Every structure is written in C-alpha cells, then in structure tokens.
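**Student:** Using the sequences and the hints given, assemble the complete structure.
Given next are the chains, with one letter for each unit.
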Amino acid sequence: MTTSLQQTTTTPGGYRHELYPYAGGDEFVQGTLGFIEDALEGGEAVVVAVPEDKASLLRAEIREDEAVRYVDTSRVARRPGRLIDSWQGWIQRHVEEGRPVRGIGESPWAQVRSPAEAAELHYHEWLLNKAFAQGPAWWLLCPYDVAHDESGLRDMARCHPEMRRDGRTTPCEDYDAQASYPFVPLTRPCDPYEEFAYTSGDLLALRGKITACAEEHGLSGSRLRELHLAATEVATNSIRHGGGQGVLRTWSEDDRLVCEFRDAGYIENPLTGRLRPNARQNGGRGLWLVHQLTDLVEIRSSPDEGTTVRLHTELP
Amino acid sequence: MRAPRTLTTLDEVDTGDHVCQVLDRTEDVIDRSRAFVADGALHGDKVLIVGPGLQPRGSEFAQLVLDPARLDVSLLAAVRREAANAGREGFRSLRVLHHVRPASPAKPAGDLLRSELELEEFAADTGALVVCAYSGADWDPSTLDQIACVHPHHLGSRPASTAFRVYRAGRKGWAVDGIVDSDGALLFGTVLCTLLAHAATVRLRCHALEFFDAAGMRALADAARHLPERKVILEGANETVRLAWKLSGFAVPDIPVVMAP
Chain L
1 MTTSLQQTTT
11 TPGGYRHELY
21 PYAGGDEFVQ
31 GTLGFIEDAL
41 EGGEAVVVAV
51 PEDKASLLRA
61 EIREDEAVRY
71 VDTSRVARRP
81 GRLIDSWQGW
91 IQRHVEEGRP
101 VRGIGESPWA
111 QVRSPAEAAE
121 LHYHEWLLNK
131 AFAQGPAWWL
141 LCPYDVAHDE
151 SGLRDMARCH
161 PEMRRDGRTT
171 PCEDYDAQAS
181 YPFVPLTRPC
191 DPYEEFAYTS
201 GDLLALRGKI
211 TACAEEHGLS
221 GSRLRELHLA
231 ATEVATNSIR
241 HGGGQGVLRT
251 WSEDDRLVCE
261 FRDAGYIENP
271 LTGRLRPNAR
281 QNGGRGLWLV
291 HQLTDLVEIR
301 SSPDEGTTVR
311 LHTELP
Chain R
1 MRAPRTLTTL
11 DEVDTGDHVC
21 QVLDRTEDVI
31 DRSRAFVADG
41 ALHGDKVLIV
51 GPGLQPRGSE
61 FAQLVLDPAR
71 LDVSLLAAVR
81 REAANAGREG
91 FRSLRVLHHV
101 RPASPAKPAG
111 DLLRSELELE
121 EFAADTGALV
131 VCAYSGADWD
141 PSTLDQIACV
151 HPHHLGSRPA
161 STAFRVYRAG
171 RKGWAVDGIV
181 DSDGALLFGT
191 VLCTLLAHAA
201 TVRLRCHALE
211 FFDAAGMRAL
221 ADAARHLPER
231 KVILEGANET
241 VRLAWKLSGF
251 AVPDIPVVMA
261 P
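First to last, the sequence lines map onto chains L and R. full-length UniProt numbering puts the first residue of the first sequence at 1, with every later residue one more than the last. full-length UniProt numbering puts the first residue of the second sequence at 1, with every later residue one more than the last.
Please keep in mind that the hints were generated in silico from the structure rather than gathered at the bench. This one's a predicted model, so the numbers in the text were calculated from it and none came from an experiment. Be careful, since some hints might not be right.
What the simulated footprint calls covered on chain L by chain R, stretch by stretch (three residues with Cβ under 8 Å from a Cβ of chain R suffice, anywhere in the stretch; the number is not a length) [stated by the list, open to error]:
# : stretch
1 : 201-207
2 : 215-228
3 : 270-278
4 : 287-299
With beta-carbon atoms standing in for the labels, derived distance ranges [what the hints assert, rightly or not]:
#  : chain 1 : residue 1 : chain 2 : residue 2 : range
5  : L       : L315      : R       : P253      : 37 to 45 Å
6  : R       : P253      : L       : V146      : 44 to 52 Å
7  : L       : G243      : R       : A199      : 41 to 49 Å
8  : L       : F183      : R       : R101      : 58 to 66 Å
9  : R       : E12       : L       : T199      : 35 to 43 Å
10 : R       : A199      : L       : A279      : 16 to 24 Å
Note that the Cβ used here is the ideal one computed from N, Cα and C, for glycine as well.
**Tutor:** And the structure:
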C-alpha cells in the first residue's frame with residue numbers, strides 16, 4: 001500500500017522550492033554538486049531529474065546508488081500536467097522510509113516544442129508550491145540555464161519562492177504566494193476549425209465530431225480512444241458543472257490535433273486533475289485522466305469568463 | 001453466442017431470444033402477439049402466457065396462462081418448471097409471452113430488474129423464447145430504457161434508446177455492449193449490483209463495449225465492493241479501458257475486479 005505524500009512528513013521545515021540560474025555546464029555542476037554533497041552529508045536522499053546531457057555531467061562526479069537517483073526529464077517533461085505526480089512518485093520511497101529528500105529539477109527547455117508547452121512547464125513550476133505546501137518537507141532546486149534563455153528567468157522567478165545566486169539563497173522578489181498565476185492568453189484557433197455546440201445527450205455526437213477530425217489527420221486506434229475518453233470527461237464537466245452546455249472546437253496545429261472546450265463553469269482549485277486519485281475518493285478522476293491520456297492540456301478558468309480546456313494530441 | 005439485435009416483427013424471434021417489446025398505447029398485447037403465440041404450435045413449442053387478467057382470451061392460444069399474483073412460487077421458478085414440463089411433454093421448447101404490468105408501489109423497482117435478469121439467464125441457458133411485452137401507456141420512458149438494457153433483443157415502434165445492454169453470454173457469464181458513460185453509469189452499477197447479489201463472481205465479456213468512461217468505472221468499482229466476498233471479472237476490455245482503470249486508482253486489492261484477456 002502506498003503512502004500519500006500529503007499525509008506524511010519527513011522532517012519539519014516545509015517545502016523549499018529554489019531557483020538556481022546558471023550559465024553553461026560548469027556553473028550547472030558547481031551549483032548542483034554542492035547541493036547534492038550537502039544532502040548526502042546530512043543523510044538525505046537526492047532525486048536528480050534533469051535532461052540526460054546535464055545528468056551525464058553529474059554522473060561523472062556522483063554515481064547513482066540508493067541515495068542518489070537520476071531521472072531523464074527529456075521525455076517526462078513533455079507532458080507538464082503529469083509532472084507533479086512524477087515528483088510524488090520519485091520521492092515516495094524516501095518519504096515512506098522517513099528519510100529527508102532533496103530534488104534537482106530542470107525541464108528540457110532547449111527541447112520544448114511549442115510556446116504552449118513552455119507556458120505549461122512554467123505553470124507546473126508555480127503549481128509545485130501548491131501541490132507540496134501541505135506535504136512532506138523536502139527541498140527542490142531548479143537549475144535554469146540563462147545562457148539558453150535569459151528572458152525566461154523572470155517567468156521562472158515568479159514561480160519560485162527562493163533564488164540561489166553566488167552561493168546565497170534569497171527570497172525571489174517576483175514571487176507572490178497570494179497572487180493568482182499570470183497566465184499568458186491562449187493563442188487563436190488555427191483556421192480552419194470545426195465548431196460543435198453540445199449539451200446533455202450529445203456526448204456520442206461529440207465523439208463523432210472528434211473522430212471525423214481525427215481520422216482526417218490519421219489518428220485512430222488506442223490514441224483516438226484515449227482522446228475520446230479525455231474529451232468525454234471534459235464535456236461531461238461542462239454538462240454537469242459548466243452551465244449544462246459547451247462549445248467544442250477542433251483544429252490541427254504543428255502536427256497536433258487540438259480539441260478546445262468552452263463552458264461557463266469555473267475550476268476553483270488549480271490542482272484539479274494534477275493529483276493521483278485513490279480508490280476511495282468519490283470524484284476527481286475526470287481531469288486527472290485528461291492529463292494522463294493526452295499530450296498537453298491547457299486550462300484557463302475564471303469566475304467571470306468561464307473555463308476553456310484545450311487538449312493537444314500528437315498526430316502520427 | 002447470442003448477439004443483440006433489433007427485430008421488426010415477432011416473426012423473427014428464435015429460440016433463446018429474450019425480447020423487449022414496447023407496445024403503443026392503443027395496442028392490445030394478445031392481438032399484437034397472436035401470430036407469435038400461434039407460431040408456438042407451428043414450431044412445436046409449448047406456449048405460456050404470463051400476465052394479470054389474460055384469461056380466458058389467452059387460453060384460446062396457449063397451453064397455460066399464469067397470473068403472477070396467483071403464483072405459489074416465483075416467476076422464475078414457474079417458468080423453469082414449465083420448461084421442464086415442456087421437455088417431458090415432447091415440445092421443442094417453451095415459448096413465453098410475459099405481459100409485464102407495473103408492480104404495486106410497495107414493490108421496489110429493483111425487483112423488476114432482477115426478474116428480467118433472471119428471465120434473461122433462463123432464456124439463454126434453456127433455449128426458451130421469452131417475449132416481455134410492456135405497454136408504453138403503463139410505464140415511464142426512463143423505466144423502459146432501464147428494462148431494455150437487460151434484454152438483448154428489442155422490438156417496438158419506439159426505438160431502443162438504451163446506450164448499453166447487459167445480457168447472458170454462455171453459461172458462465174454475461175456480456176456488456178455499447179456505451180457506458182455518465183448518463184448510464186448509475187444504471188450499469190445497479191445491474192451489476194443485482195447480478196452480484198445472486199452470484200459471488202460475475203464474468204462480464206467486454207469485447208463489444210464501445211466506450212467506458214470514468215463514471216462507468218466508478219460504478220463498476222462501487223458495485224464490486226458493495227457486498228463482501230464478491231468478484232467481477234472483466235474479459236476482453238480494450239487497452240484504453242485497462243489503462244484508464246489503473247490510472248483511476250481502481251486497480252487495488254480491495255476492489256475485487258479482475259481484468260482478464
């Protein structure tokens with residue numbers, strides 16, 4: 001039986017989420033190596049979740065063993081909506097053992113395939129603070145290569161309560177724990193797009209619309225079934241909680257099929273769909289499945305403007 | 001294996017069929033079923049008509065007319081007894097026309113579902129031909145949809161609108177076809193609970209299950225654990241259903257559902 005991370009505390013002190021801007025491989029190793037060595041001296045475990053090219057720099061200094069685990073984020077981080085659960089899984093064993101744990105987390109920014117994916121990775125960094133606020137005490141250091149993109153540093157600083165520079169950790173001035181997340185607006189749908197208004201009793205027809213669009217772009221089999229399931233969960237939310245109706249738009253964009261759902265509902269909890277459900281809980285599986293079954297999910301929700309959910313599925 | 005189908009007339013019925021026939025308000029069950037009952041003699045079937053107030057008209061055609069209110073045993077026991085009698089008396093099979101009338105308010109609606117599932121099992125296992133006639137004037141549409149979902153065969157001017165059907169598949173299990181989503185999840189759970197109340201293990205073939213959403217999975221999980229020592233074996237569920245089941249957190253030992261090939 002697994003232990004919920006949200007119910008277990010390893011050491012007092014809460015969750016620390018620290019940004020580490022660096023320039024180039026040498027600075028990366030310098031900052032992260034010290035972080036790992038400090039952890040090991042204190043008997044802590046370390047999960048290093050970085051792209052493989054960065055991991056190889058550290059592996060030359062510190063081998064993988066019981067205390068140090070390397071995870072290649074090159075593929076995992078392509079689905080930002082699944083990353084909180086990934087982190088929960090990576091630190092799970094140490095939490096269960098009551099061992100303090102640290103993490104080093106860097107997304108493969110150089111390999112990000114679209115502005116939407118980059119925006120969702122930033123949002124994931126911000127959500128980590130919410131996800132682990134009530135959970136076990138652990139410390140996550142997020143290296144960020146300013147040599148790759150200096151302009152993205154401010155976006156990252158908005159997501160991290162602390163920043164490490166010149167060996168010192170200071171509060172990030174751009175981070176406001178009470179503020180809502182500053183989303184970038186969604187892009188306009190690509191022309192041509194199909195539109196379908198749905199309400200109760202229309203789920204079969206809605207899946208039919210998606211099938212027509214998907215097959216036009218060569219999407220079929222299990223990938224199409226997964227998209228059907230994800231789309232049905234979103235549309236069901238519209239019907240049950242979003243004013244009883246919604247509008248579906250479908251289009252293709254950069255080798256992806258995009259399905260957009262708009263309704264009048266409001267998703268209050270930003271972590272909805274990000275945390276793995278357990279067998280006993282009543283609801284909360286719909287958006288979780290959506291994140292697991294599609295390649296990228298964008299959600300914008302406000303009491304005034306309602307909810308827009310975009311599902312991206314990579315085309316074959 | 002029996003395959004669900006929609007009939008245009010009762011002439012198309014075959015042995016082992018369990019037909020849900022919905023009659024218009026103006027239709028009379030005996031008049032509407034006269035040919036079906038008369039065909040019993042043609043095929044060498046023993047004909048049994050079940051329903052209140054059908055004597056003496058039903059006796060013109062049938063060997064036996066039973067009033068459910070006057071039975072000394074359950075309806076299932078009565079039809080099983082007559083099926084055994086038919087065999088001994090040299091008939092090919094038993095042909096049952098069941099004119100179903102609303103039960104008294106004191107009788108729970110779940111009893112009707114249980115009764116229909118029993119008749120479904122009876123028809124499939126014995127090869128008897130069972131037609132359940134429902135007068136549209138006597139039943140609300142949602143109840144008729146619920147009842148239709150446990151009949152593999154449908155006949156009537158009102159199109160079958162049930163999204164899924166649960167029916168007997170061989171002597172060891174059941175099958176579900178169609179779509180189980182948030183609209184039908186509650187009913188699907190009720191059907192499963194009814195089956196699990198009478199069998200410790202329910203095998204459910206899912207080869208023709210087209211779509212199964214999170215609400216359907218939740219209904220399955222709740223049904224499987226609502227009584228102790230029960231188990232549901234899902235056979236032939238596609239990989240998306242298997243994946244979503246695991247992702248939903250239901251693949252744990254205290255939910256007695258087994259995904260089988």
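**Student:** Name the hints, by number, that the structure is in violation of.
**Tutor:** none
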